[in-house]
Amino acid sequence: MNEMIQETLVGWSRSQFALTACYHWLFVPLTLGLAVVMAVMESIYVKTQDEFWKKAAQFWQKIFGINFAIGVATGIILEFEFGTNWSNYSWFVGDIFGAPLAIEGILAFFMEATFIAVMFFGWNKVSQRFHLASTWLTGLGATISAWWILVANTWMQHPVGMAFNPDTVRNEMVDFWAVAFQPMAITKFFHTVSSGWMTGAVFVVGVSCWYLLRGRNKRFALASIRVASVVGLVGILTVMFTGDRAGIQIAQNQPMKLAAAEGLEHGGAGAPFSIVPGIEVPKALSILATHDTEGVVPGIQDLLNGYTDNEGNVHLSADEKIRRGRQAVNAFAEYRKTVNKDSVTAIQARQTFEENQAYFGYGHIEKKEDLVPNITIVYWAFRIMIGFGCLLTLLLCLTLWFERRGTLAQKRWMQHWGVWSIPMVFLAGQAGWVVAEVGRQPWAIQDLMPVGVAVSGISASSVQVTFCLFLALFTILLIAEIRIMCKAIKNFRMED
Amino acid sequence: MTYEFLQQYWWFIVSLLGGILVFLMFVQGANTLIFRLGKDEEERSLIINSTGRKWEFTFTTLVTFGGAFFASFPLFYSTSFGGAYWVWMLILVSFVLQAVAYEFQSKPGNLLGRNAYRRFLVFNGVFGPLLLGTAVGTFFHGAAFTVSKDAMGAFGANPVISQWANAWHGLDAVANPWNVILGIAILFLARVLGALYLLNNIDDAGLRPKLRRQLLIDTLPFLLCFVAFLVHLLIADGFAVSETGEIYVEPYKYLNNLLEMPVVLCLLLLGVVLVLCGTGMTLCRANFHRGIWFSGLGTVLTVLSLLLTVGYNHTAYYPSTADLQSSLTLANSCSSHFTLTAMSWVSLIIPFVLAYIIYAWRMIDKKSLTKQELSQEEHKY
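First to last, the protein sequences are chains A and B. Taking our numbering as reference, the numbering of the first sequence is continuous, increasing by one, and the terminal residue is 496. Taking our numbering as reference, the numbering of the second sequence is continuous, increasing by one, and the terminal residue is 1381.
The set of hints was computed from the structure by calculation and includes no laboratory data. Just so it is clear, the structure is predicted and the values come from calculations on it, not from any experiment. All clues stand as given, with none of them false.
No more than 27 Å apart at the CA atoms, straight line, and that leaves these computed lysine-lysine pairs for DSS-like:
1. A:Lys55 <-> B:Lys1371
2. A:Lys55 <-> B:Lys1054
3. B:Lys1380 <-> A:Lys62
4. A:Lys337 <-> B:Lys1149
5. B:Lys1380 <-> A:Lys125
6. A:Lys62 <-> B:Lys1366
7. B:Lys1371 <-> B:Lys1039
Here are some chain B residues the structure puts well away from chain A; computed CB gaps all over 10 Å:
8. Phe1012
9. Arg1044
10. Gly1206
11. Arg1208
12. Leu1223
13. Phe1226
14. Leu1274
15. Asn1313
16. Gln1325
17. Gln1372
Per label pair, the in silico range of CB-to-CB distance:
18. B:Ala1175 <-> A:Asp167: 29 to 37 Å
19. B:Pro1221 <-> A:Pro183: 53 to 61 Å
20. A:Thr308 <-> B:Thr1341: 40 to 48 Å
21. A:Lys218 <-> B:Leu1283: 58 to 66 Å
22. B:Leu1283 <-> A:Val234: 52 to 60 Å
By construction, the Cβ of each residue, glycine as well, lies at the ideal position given by its N, Cα and C atoms.
So here's chain B without its partners, still in its complex pose:
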């Protein structure tokens, strides 16, 4: 396997994990609806117990996404995490709060009271997708960092290779409204997926009409933000890499990438159509509850294709606005040929992992969750 192939392969894996992560953020989206749709304790408990059986998949995917990025593109890990410090810290705090909230919220003696932990879930539900979306926005619009590998060669001076060019350390991402628009799009997408998931996973006559109404309410801002972002992307300048590794700004770079990579373009179109199909069919047909599978798969494909657009075809996937030549590309930020090869062998386990996840998930979710089942459950949140 050539070094270039391995770089592309690992960008594909990381992008796929990114897509699956955004899909699994239906957990976050659904949690934002706990107080909005759950009008009594039974309904709130249903929502929490429904997402509570899936939250660890989202959490684990986030951790694996981080681990895979570290193993395959360590310069991104060191530059973005060490530089955009505040953004990542806020994201992490929100996920810490979520992790304990499920188990603690209904237990006697939990110190802060049930509603405090439920608000943690809502906090994570809002800020998790919003901040992650905003952070991913910087893949397209750049971030203020510099990379100098010579820093390690000076005794006594600052030895840090990757430096952030301002004191905001990642919070400056909001200065570019398009980053925020992507964040908002991801937030409302998570809510759309959340509503679709709950419709599929909970069989409750009281909740279902409310979920359908909510689906419509959230679909509109999602579409507005997503279409605006997509149009902006297609007409925006992008960051290209020359044969010699020089980074330069190219007009319509992302549009060109899609046109030059028809498979990726098809994936994007198919993804968008599936998201719309899942949502549309659920809104139009009263007894249709399988929208999450269409929109979920569509989300994976859409995010995957967008990340492939920003990484493939000689593109700098993490551009620097402070020093263009510091921008990160697949070639200058990846692990060694040896490590990428070794990790590629490891990646062959992924289909097996996916298979047992699907099997176990099906065993647990054979029937939709009901109030009756919840009342008889030996272990519940």
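So here's chain A without its partners, still in its complex pose:
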């Protein structure tokens, strides 16, 4: 019974966090991308003194402002949910995880809050150059914010730079630089931020295509497409490059996530890449995961039953890890019980604990099947991300090509494609996070802490109520935002 209650609580807590994160990630990438587009436009204005570019920048700033507010609103919930819904997590790893969040506030949020005010209200109050600097600094603030929150997220995927202290019952930071600048965090930052540039760029292209379809604001639309296509292509090239890096890092650090994303039950050397079920590219997965056609990529069953990797290292079976994990948990409990009473037993218990410490997280896993994330969700999310990503790459290449040749205004099929790419780019971004986060399950922190141990001591019904509250609230606000944006886009007039 207790187990059932716990499962329901964990399920609702995860749902609430996922809901908040999904909504948040609708607004943040647009903020990151629009920030670059509008800053580039304002830079052109300052350089050329052409009022056209000022008006163009101001229009995208207006859209940015509508979107920014709701991004901020969902962001605050996300930060505090680590405490409200993941109380045990907050203590168990708060010594490491809290730091990036605090630095994000000090370094990034104040920069955004300060310079966004200058950007919106300073047109007639500060010099052109100061205003331009403020516009760039607003975007820089958002980007620095992304750095620190992605450092925190990466640490959940690949915890480094810490040591467990059984006396305080938590992981403690021992290497700040390892946490703040681990290679996986750098990859994740560029992958995520450049996907934001892509989102902003596709959004601008889509809206501009809508103007072309309507036959108005033609000069504005073509100029916006020119700027956005370049920003988007830079973004997408970075997404691809870092995606490749991420593939190798995930293969090394989260092999179960990769196996789930491929639906790979049994792996081995020369593993194929599944395009869709039934269609495979031979050896492609090995190339992606190891940059070697004969590289070993373990499948789900290999990971559960144990396997030998490319370097000849033997990886334990899940059952063995769970057994050792239980030993660690029991030794930890014994240590806690005896540390102030019986030093001999305490020393022995600590020694046993330290021998099995690497599997402490597994000690809270009930059965090995629990170590497999939802394969269907992860598999299809991965395909949506890559499939839409390819379509969007083609879109941006073509819009830039036709715009340079001066024929885009006549290509209505291209304009329709541009408009329909807006939902596509958001779906691709959402799918990316689904791969990253659902693929991490059942871990809150990879191999260290399962979600079942990370939750707060609250009732499932409380979380159900707040989940419904946030679902209703965010949905209403999203509808309002879309309506406001549509009206603003529809009402915008700029003579050619």
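Model the placement of chain B on the given structure of chain A, informed by the hints.
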């Protein structure tokens, strides 16, 4: 830097952020006056556009306050946020509504209509300070939680370290009237600061007399609640920590803390005097509009000194009414020596951040906001 020094340093930073947050809640206080003082659209728009240029500072300070607490005292973060679930959720919802309300309220197609979003601002204006004040009240009077770090060592059993001892999950804070009185004091303080801010920030002959009247109306309940709370605090029992880390109840603990820490006592007195000066001078002199700076600084100092009183001098800053020994102290709830050191280096950036905030703020606020300026503004709420 010793571990103890770092704990005290970070309690100071968190307390300072708390003080700045309460000062910046002039945004919330002013928003409660939108319908009360804004008799026509122009006046309401002036108030909203005036606070609308500052709301992100309050919001950001709240987020940074949370982040700094998480980084420096994670056991508080996990115990209070996970335990007093409903209080924090209500506070967050009110701030979510506020964040979108500014941008959405005057835009065509906003779904709920202009007044709905303005009511969100009023809702946040009332419940933000009230609930935050009530929550901070539990620093002095305790909350019903237990902490057992051994919980992580039992497979299959409930592994949660911090547990709330009743099903109210934070709403039980209202059972102690002194928590509510502090909440009401903070609410009226926010309104006082709101009126002072608007007097300084808006140059409008119609609004200014109304703001002065409102200032007087709000000063009285603020003073009543604040003085009552302060007197209660000085005669109340407090939660002390022995050398061995044992928590015990000590009569007149907070009074003793102030007497044993004369600098903190001076800060408190100076803070209170500045709040009164800012308010008093504004009420007495018709052309005096700089009261917000006196009362604002006074608010920062007062809140800072109260939080230092509850955290310093071997005091449990988050006492447990369910299990006294579960109470949180600076020593038992803080981050590791390494993390506090690393974060202390990061904190050296704060003066630089403050400098650019002040510079940018001055650039925007060189002149008070007027109806004429608002009518010519390219971007307005």
